[in-house]
Structure formats: C-alpha cells, structure tokens
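Visitor: Sequence:
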Amino acid sequence: MIQPAHALTLDLNGQTRVLIHKAIIAGWTGRDREALEKHIRELEELGVARPASTPIFYRVSASRLTTEPEIEVCDLSSSGEVEFVLLRHSGRLWVGIGSDHTDRQVETYNITVSKQMCDKPIGSHFWDYADVKAHWDKLVLRSFITENGQRVLYQEGSIAAMLSPEDLLSHWNAPFDDGSLMFCGTLAARGGIRPSSRFEFELVDSVAGRTLSHAYNMVTLPVLG
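Quick note: the sequence shown uses the working numbering, first residue 346, plus one each step.
It is worth saying that the hints were derived from the structure and are not from the lab.
Possibly wrong hints are sitting among the right ones.
[Stated by the list, open to error] As a list, the in silico DSSO-like pairs of lysine-lysine whose alpha-carbon atoms are at most 30 Å apart:
{"id": "1", "residue 1": "Lys478", "residue 2": "Lys383"}
{"id": "2", "residue 1": "Lys367", "residue 2": "Lys483"}
{"id": "3", "residue 1": "Lys383", "residue 2": "Lys483"}
{"id": "4", "residue 1": "Lys367", "residue 2": "Lys478"}
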C-alpha cells in the first residue's frame, strides 16, 4: 500500500524538502520507572486509563505535522508536551524537537483518537544523531507555558529520562525507514498538566553549546454546541 506523504521544509544541515509518510507517537518511554509511574498517575487524575503496555506506539496522520507558529484548537482543553523526535531521511537518523499536542478531554475516553485531534508542532531544525550520540544523556528537554501573563517553566529534565533511540526503535516492530518520524516521550509537568495559550520548548546540547527551539500559539475556534 502506498502511503501519502506530507512535505515539510526542514533544516538537516541545510534546507531540505522532506517527505514524511509515517508519523508515530511513542508513549510511556521512561527509563526511570518511578518517573514513568508519576506521569501515568498525573494522567489518571485527568481520567486517562493506564496504558496496555510500555512503551506503546500510536499512529497519527503525517499531515498533522507542522512547523508553523500557530495551531487551531477547539478550546483550551488541549495542551502541549515537549519531546525529542527521530526522523529517518536519506538513510540517516536525525534528532529534532516536537510537541505532542493532545486534546485532554478526548484523551479520557480514547487516547488514539485524542492523538489525531490536534496538529503536532515540530521545530524545523534537526541534528544528525551521530553528532550527539556520544553525549546523548547530557541533552536537556525544557518547555514553558504562558500563565497569568507570565512565562512559566512547565517541564525540565535530562533526555536520559527516556529510552535511548536504539532502545526505543528496538520496541517498534515495523520498519523505521526514510520518511518516518517518531515522537519519543515526555517529562512530567511541573504543577500538573494544564492548558496554555502559548507553548515554548527546547532541546539543549550544553556539550556542543547549541539549542533546538520552537514555539507556537493556540488559536481557539468557537464551540457552538
């Protein structure tokens, strides 16, 4: 079966038109079982059932991927979460950042459907995984929300909290070939999961002195019942 491809212009050591035909959301990817349990519990507080397995992989339409600075949402019951993303292009593995923006109301009764409800913002810049592999566990993920008019730290932690790319892909029982992109797990939210009109996120490589960053605003559509 030929899968439709979604074209994005990404910076892979230079501007490149990338055709993505497979988008995957990996969940429950924590290495630290205690931290993983904390994230499961905070979602349970929102009414989200425990996963059937860990890790678990959800498929979403590649057309949901966007590098735009705004997304449209039905109301502010949705929220973002910072993740590193893996991309296979021209036979190489690339690392970027994304936000698995999710409708939290829908998530309480069907996680798979909730993943499909919202656009998935990603940053347009990627690093060659070979350039960060040797110091992978020193990378840091961080996100911020706007709350009461203030920029507030929402998530922060070492990328070592999640399974390494090799470990995670070993659980994915299908080809991760050219045109495949995977969101690879997130961190617990400081103060609990909550919505915001703006979401900012970054992946920091202090060894090489560089950062991947992206931000987007939520444009709320009217809900007429």
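Visitor: Holds or violated: are the alpha carbons of Lys367 and Lys483 at most 30 Å from each other?
Guide: Since the Cα atoms of Lys367 and Lys483 sit roughly 29 Å apart, the hinted pair holds (cutoff 30 Å).
Visitor: Is it true that the CA of Lys367 sits at most 30 Å from the CA of Lys478?
Guide: holds, 24 Å
Visitor: Under the criterion that the straight-line Cα-Cα distance not exceed 30 Å, is the pair Lys478, Lys383 satisfied?
Guide: The given pair, whose Cα atoms are some 27 Å apart, holds under the 30 Å limit.
Visitor: Take a quick look at whether Lys383 and Lys483 sit within 30 Å of each other, Cα to Cα.
Guide: holds, 22 Å
Going down the numbered hints, you'll see the structure goes against none, and every one checks out.
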